[in-house]
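J.: Sequence:
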Amino acid sequence: MEIKVSIELNLKDKEVTEAVTKAAQNAMRDTVVEVANDAIHHSPRDTGNNMRSIMYESSGSQGTGTEGIVATTKIGGAVYGTSGYSGYLETGTRRMAARPYFKPALDLHFSLEKFVNKMKGYLK
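The numbering of the sequence shown is the working numbering, which starts it at 24 and goes up by one.
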């Protein structure tokens with residue numbers, strides 16, 4: 024799953040632009056961490072390998088759990104599994120029923136309204 028947010032600013036004040044950009048980066052980081060933690064918590068756990076393979080990246084940082092730190096001016100994030108079969112668990116196959124855990128985490132933690140509210144919290 025990849026989260027992309029596009030924000031174009033036409034602000035003439037550099038300080039305001041920097042504050043809004045930083046707020047957006049922090050909001051993205053928080054959202055990605057929430058989605059990753061929820062996906063880890065709800066991942067199918069037959070062996071635990073898939074759960075341990077869930078990683079995230081947010082605006083240039085990467086990690087597992089809650090280790091990510093925003094480090095660039097880009098605003099973006101991704102949560103993904105590196106087990107090699109995380110997609111099959113999410114969507115199923117013709118022989119195995121789907122056991123979604125990424126999409127429910129994304130639906131629970133990401134909406135434009137929630138993202139904007141997180142940004143507002145960083146702008147106060």
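Since the hints were derived computationally from the structure, they do not count as laboratory data.
Just so we're clear, the structure is a prediction, and the values are computed from it rather than from any experiment.
One or more hints might be untrue.
[Claimed, not checked] The calculated DSS-like cross-link candidates involving lysine-lysine, where the alpha carbons are at most 30 angstroms apart (straight line), are:
no. : residue 1 : residue 2
1   : Lys137    : Lys37
2   : Lys141    : Lys45
3   : Lys143    : Lys27
4   : Lys45     : Lys147
5   : Lys37     : Lys143
J.: Run every hint past the structure and note whether it holds.
T.: Now for the hints, and whether the structure bears them out:
Taking the CA atoms of lysine 137 and lysine 37, the gap is about 26 angstroms. The hint holds against a cut of 30 angstroms. Restraint check: the Cα-Cα separation between lysine 141 and lysine 45 comes to about 12 angstroms, which is no more than 30 angstroms; the hinted pair holds. A threshold of 30 angstroms between alpha carbons decides the hint, and for lysine 143 with lysine 27 the separation of about 18 angstroms falls inside it, so the pair holds. Annotation: proposed proximity of lysine 45 to lysine 147 holds, straight-line Cα distance about 12 angstroms (limit 30 angstroms).
Distance check on the hinted pair: lysine 37 and lysine 143 sit about 18 angstroms apart at the alpha-carbon level, within 30 angstroms; holds.
In this structure, every one of the numbered hints holds.
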